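Asker: Letter by letter, the chains look like this.
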Amino acid sequence: GESVGLHLPTLSVQEGDNSIINCAYSNSASDYFIWYKQESGKGPQFIIDIRSNMDKRQGQRVTVLLNKTVKHLSLQIAATQPGDSAVYFCAEKRIDDKIIFGKGTRLHILP
Amino acid sequence: DAGITQSPRHKVTETGTPVTLRCHQTENHRYMYWYRQDPGHGLRLIHYSYGVKDTDKGEVSDGYSVSRSKTEDFLLTLESATSSQTSVYFCAISGRLGDSRNEQFFGPGTRLTVL
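Heads up: the sequence lines are chains A and B, in that order. So in my numbering, spot 8 of the first sequence is number 78, and the numbers just go up one at a time. So in my numbering, spot 22 of the second sequence is number 90, and the numbers just go up one at a time.
Derived from the structure by calculation, the hints contain no laboratory data. Quick caveat, the model's predicted, so the values are computed rather than measured. Please note that the accuracy of each hint is not assured.
[To be verified] Simulated coverage check for chain A against chain B, where a stretch passes if three residues somewhere in it have a Cβ under 8 Å from a Cβ of chain B:
1) 123-133
2) 162-169
3) 172-180
Just so you know, even glycine gets a beta-carbon here, dropped at the ideal spot from N, CA and C.
Take the sequences, apply the hints, and build the full model.
Answerer: Okay, structure coming up:
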């Protein structure tokens with residue numbers, strides 16, 4: 071069936087190091103993949119998206135990589151800061167415009 | 069701030085009672101969505117709207133109905149609340165002219181407890 075999932079529920083990273091959050095998907099009929107950040111007590115916040123015909127996209131301190139061969143998506147955060155502590159969701163936007171979310175990875179920043 | 073509010077922010081109700089949650093937006097976004105968020109499930113789409121009086125079902129629509137009589141308001145109704153509908157409900161909007169349709173803006177959430 072269709073699913074968007076995550077490899078690890080919790081990731082702990084030293085402040086200043088790079089973070090890599092991974093996501094696997096099974097539905098190939100999506101035109102975009104999206105990353106969201108959710109801080110405690112708040113709604114999710116859009117970070118970056120990537121079109122399905124691309125393999126890399128960079129934003130401010132973030133890079134998303136898409137490997138369609140193995141149906142894998144990752145979010146890289148450079149020089150992780152305390153403010154990056156949150157739950158990160160990958161999501162896929164299907165061609166009918168529905169956005170299906172994964173279950174989330176909690177990023178914990180170590181001082 | 070994308071100008072999206074939800075009301076109420078917290079509600080406790082009893083099984084079998086009707087409940088209506090309201091999402092209000094001020095920036096003329098075309099698309100509106102209702103999600104629920106539960107531990108272990110992430111966010112799941114309940115219903116969405118792509119315009120006034122145009123709505124469609126999401127992944128978990130059973131037990132919920134929606135209405136959108138004007139651009140700025142999207143109502144989610146639980147006709148007869150059940151304990152399984154205890155959750156945090158998020159409204160989201162997207163599709164303002166010039167914005168990416170992938171960029172959804174989320175409201176602050178409504179915590180609903182059904183006893």
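Asker: Taking a Cβ-Cβ distance under 8 Å as contact, does the stretch 123-133 of chain A have three or more residues in contact with chain B?
Answerer: Coverage by chain B is violated here, the residue count being 0 at a Cβ distance below 8 Å.
Asker: Establish whether the coverage given for the stretch 172-180 of chain A by chain B is satisfied; the threshold is a Cβ-Cβ distance below 8 Å, and no fewer than three residues must meet it.
Answerer: Coverage by chain B holds here, the residue count being 3 at a Cβ distance below 8 Å.
Asker: Can you confirm whether chain B covers the stretch 162-169 of chain A, using C-beta to C-beta distances below 8 Å and requiring at least three such residues?
Answerer: holds (count 4)
Checked against the numbered hints above, the structure violates only hint 1.
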